[in-house]
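Protein chains: 2
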Amino acid sequence: MRKPVRIFEVAREAGVSPSTVSKVLNGTQRMAAATEARVWKAVSKLGYHANLHAQILSTGRSRALGVVILDILNPHFTALVKGAGQVAAERSYTVLLADAEENPRREQELIQSLKARTDGLILAGSRLSDEEIVALHSPEQPIVTVGRRIAGVPSVTVDEYTASLQLTSHLIAQGCKHITYLAGPPFWVNQERERGYRDALQQAGLAPQVLSLTTPDLLGGEQASALLWAARPFPDAVVCYNDLAAIGLMASLKTLGVKVPQEVAVAAFGNHPLAAHLSPSLTHMEIPSRKLGELATGLLVELLECPREEAIQVIQYAVLRPRESSIIRV
Amino acid sequence: MRKPVRIFEVAREAGVSPSTVSKVLNGTQRMAAATEARVWKAVSKLGYHANLHAQILSTGRSRALGVVILDILNPHFTALVKGAGQVAAERSYTVLLADAEENPRREQELIQSLKARTDGLILAGSRLSDEEIVALHSPEQPIVTVGRRIAGVPSVTVDEYTASLQLTSHLIAQGCKHITYLAGPPFWVNQERERGYRDALQQAGLAPQVLSLTTPDLLGGEQASALLWAARPFPDAVVCYNDLAAIGLMASLKTLGVKVPQEVAVAAFGNHPLAAHLSPSLTHMEIPSRKLGELATGLLVELLECPREEAIQVIQYAVLRPRESSIIRV
DNA sequence: CTGTTAGCGCCTTCAC
DNA sequence: GTGAAGGCGCTAACAG
Chain S
3 MRKPVRIFEV
13 AREAGVSPST
23 VSKVLNGTQR
33 MAAATEARVW
43 KAVSKLGYHA
53 NLHAQILSTG
63 RSRALGVVIL
73 DILNPHFTAL
83 VKGAGQVAAE
93 RSYTVLLADA
103 EENPRREQEL
113 IQSLKARTDG
123 LILAGSRLSD
133 EEIVALHSPE
143 QPIVTVGRRI
153 AGVPSVTVDE
163 YTASLQLTSH
173 LIAQGCKHIT
183 YLAGPPFWVN
193 QERERGYRDA
203 LQQAGLAPQV
213 LSLTTPDLLG
223 GEQASALLWA
233 ARPFPDAVVC
243 YNDLAAIGLM
253 ASLKTLGVKV
263 PQEVAVAAFG
273 NHPLAAHLSP
283 SLTHMEIPSR
293 KLGELATGLL
303 VELLECPREE
313 AIQVIQYAVL
323 RPRESSIIRV
Chain X
3 MRKPVRIFEV
13 AREAGVSPST
23 VSKVLNGTQR
33 MAAATEARVW
43 KAVSKLGYHA
53 NLHAQILSTG
63 RSRALGVVIL
73 DILNPHFTAL
83 VKGAGQVAAE
93 RSYTVLLADA
103 EENPRREQEL
113 IQSLKARTDG
123 LILAGSRLSD
133 EEIVALHSPE
143 QPIVTVGRRI
153 AGVPSVTVDE
163 YTASLQLTSH
173 LIAQGCKHIT
183 YLAGPPFWVN
193 QERERGYRDA
203 LQQAGLAPQV
213 LSLTTPDLLG
223 GEQASALLWA
233 ARPFPDAVVC
243 YNDLAAIGLM
253 ASLKTLGVKV
263 PQEVAVAAFG
273 NHPLAAHLSP
283 SLTHMEIPSR
293 KLGELATGLL
303 VELLECPREE
313 AIQVIQYAVL
323 RPRESSIIRV
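Which chain is which? The protein sequence lines are S and X, in order.
Using our numbering, read the first sequence as starting at 3 and increasing by one per residue.
Using our numbering, read the second sequence as starting at 3 and increasing by one per residue.
The set of hints was computed from the structure by calculation and includes no laboratory data.
Warning: the hint list may mix true and false statements.
It does not matter which identical chain is used: a pair holds within one copy or between any two.
With a Cα cut of at most 30 angstroms, we get these calculated DSS-like pairs of lysine-lysine [as the list claims (entries may be wrong)]: (1) 179 to 293; (2) 117 to 47; (3) 25 to 117; (4) 117 to 256; (5) 43 to 117; (6) 84 to 117; (7) 84 to 47; (8) 43 to 261; (9) 47 to 5; (10) 47 to 256; (11) 43 to 5; (12) 84 to 293; (13) 261 to 47; (14) 5 to 25; (15) 47 to 25.
Based on the sequences and whatever the hints tell you, model everything.
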């Protein structure tokens, strides 16, 4: 059909050379006002749009950022994407988003695909090994991790250890004695949360009990009730790796006739939009997901525009949101 | 640092010409087994990866699909993305995802950006005008819409009219007499749902009452309670444009001390993962979001691989999931 | 200020 | 079977 217009045709229409058109369009170099006007006129008359790939091939920059998230069904990551999108737009970058579906093989494929199309990557909730991530990072194609601290790689993270200390202490303050931790996948975030949990219990002279979620989502939480059921002693409180799992767990406990918070208090990490809408509403350490996305994007753009040597590590803090699921009335 | 390897260097390493390497790598033409072996060896030794943009510039195809969704915070669209990602992977296409943030201007920008990077687009929940969408569609760069039927444009949609007829009839069967419809944005989906609602009421000899959501999300639902409050007669049932709004509404009604379903029954459209986890659990017509993503992607790939004249329209059906929010015990 | 000349890295006819 | 040559569309140095 209608072949796309090329820069040469615009040049001819405006009576100038292709390079002049290029300079005017990109603002690389000012031309005589009259010339510029003729170029713009020709451009709009012909409906010209530069061929992106030719442009990228020629300049070596795409002004695009890749964002790879662990799971698009998890509100934590979608909120993060909102933040990334906003900052990227402000800095006039395009975000190319990909969902790793909690699958490291797929994640690698997507990363390779995005790496070829972007100037830099944000890895949120990566399931790759530290080595793989280090290998991916380079000054020309920087990567920023979210929720993962690796020496030599720029990152944006929450102080999960302190968050976990606070959340666990909150339960202890409610008088809970047998607090179980439902662990997520064995990556940085879970390590920190588990460490905070253990330290809080130790300080209180209580014994830890760690059980592992099958998956860190609704289903995993539902399945976890069976684990709890078998646990001796049966806990009077549960700290969940994330709020999705906590919601699944609470639903399952309701089915089993176990009352929350009277028989078991439940608390989690996250910022699920419905945490306050549930019955009972869910206590959690609120993770500033959107902010993480904003910061990671800002950092990546900085790295792109003025390459640095050291790997900057940005740290944020979670906020305790006490709600019905952990408030035990005496 | 380490400059990327070019095809020329692979050719030199293997003792052949660049064009031979290209043919072997792309399987465009068989070469002597020994030659192919040498090429593959050189490729892995040097860690060669073809430059994507050079390739696209040269071939004119990117093997990438663009998916533009209305709002990444809405579970309907994220589920759709899961479906799209799966089918795209099966057909070895890369999905490039963008979040329009319910903003038509932003949507146009993203579309332009993705259009330049992909072979075809899926528009899910577009806020553009029919004309704009028609203008975007072409046999060389097909687009498939989801949740929108436009003459001449391939689409995948749910039979929303029938879905709405069923949902409204369900409420009527519960004995509700004053059923209000909380309308979403004035696009195809809402038009169909509203039409089904009106027809169902008319058949039952009831009077319709339509109020508009400020936004089709949690916040909009919360704000809608004020509208309902002011409505005369105060309804005994509400049909919500989507489940996000229904959840917001129910939360707000709880605050106001209005009991669901005893004083007002609530029902909606959607497939929110927590619909069954709420108290009361939410009745809805379940929209097969993920399936829509799969079908749209399948259709787009078909269109890409064997261009068609007619614009195929795929239709799916919603399923009634009756839950506590609409079950009125007498 | 403006045009000319070279690539960017790859694929693809077309001869050998 | 294999290689040489030309082009995809644009930008960037370098002249003038």
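### Query
Taking 30 angstroms as the upper bound on the Cα-Cα distance, should residue 43 and residue 261 be classified as within, between, both, or neither?
Neither way: residue 43 and residue 261 sit 71 angstroms apart in one copy and 63 angstroms across, limit 30 angstroms.
### Query
Should residue 43 paired with residue 117 be assigned to within, between, both, or neither, using CA atoms and 30 angstroms as the limit?
Between copies only: 24 angstroms across chains, 36 angstroms inside a chain, cut-off 30 angstroms.
### Task
Please work out whether the CA atoms of residue 84 and residue 117 approach to 30 angstroms or closer within one copy, between two copies, in both situations, or in neither?
both (21 angstroms within a copy, 21 angstroms between copies)
#### Entry: Intra- versus inter-copy proximity for residue 293 and residue 84 (alpha-carbon distance at most 30 angstroms)
Both: 9 angstroms inside a copy, 25 angstroms across copies.
#### Entry: Identical-chain pair category, residue 261 with residue 47, by Cα at 30 angstroms
neither (70 angstroms within a copy, 61 angstroms between copies)
### Query
Taking 30 angstroms as the upper bound on the Cα-Cα distance, should residue 47 and residue 5 be classified as within, between, both, or neither?
within (15 angstroms within a copy, 41 angstroms between copies)
### Query
What label fits residue 117 with residue 47 when the C-alpha limit is 30 angstroms: within, between, both, or neither?
Answer is between; shortest inter-copy Cα gap is 21 angstroms, intra-copy 36 angstroms.
### Query
For residue 5 vs residue 25, is the C-alpha pair at or below 30 angstroms within one copy, between two copies, both, or neither?
Both, since 23 angstroms and 28 angstroms are each at most 30 angstroms.
### Message
Reference check for the pair residue 47 and residue 256, CA-CA at most 30 angstroms: within, between, both, or neither?
### Response
neither (66 angstroms within a copy, 58 angstroms between copies)
### Query
Can you tell me if residue 84 and residue 47 fall within 30 angstroms by alpha carbon in one copy, between copies, both or neither?
neither (36 angstroms within a copy, 41 angstroms between copies)
### Message
At most 30 angstroms between CA atoms: does that hold for residue 47 and residue 25 within a copy, between copies, both, or neither?
### Response
For residue 47 and residue 25, the Cα distance is within 30 angstroms only inside one copy (18 angstroms; across copies 41 angstroms).
### Task
Measure nothing new, just compare the shortest in-copy and cross-copy C-alpha distances for residue 43 and residue 5 to 30 angstroms and report within, between, both or neither.
within (20 angstroms within a copy, 40 angstroms between copies)
Going down the numbered hints, you'll see the structure goes against 1, 4, 7, 8, 10, 13, while the others check out.
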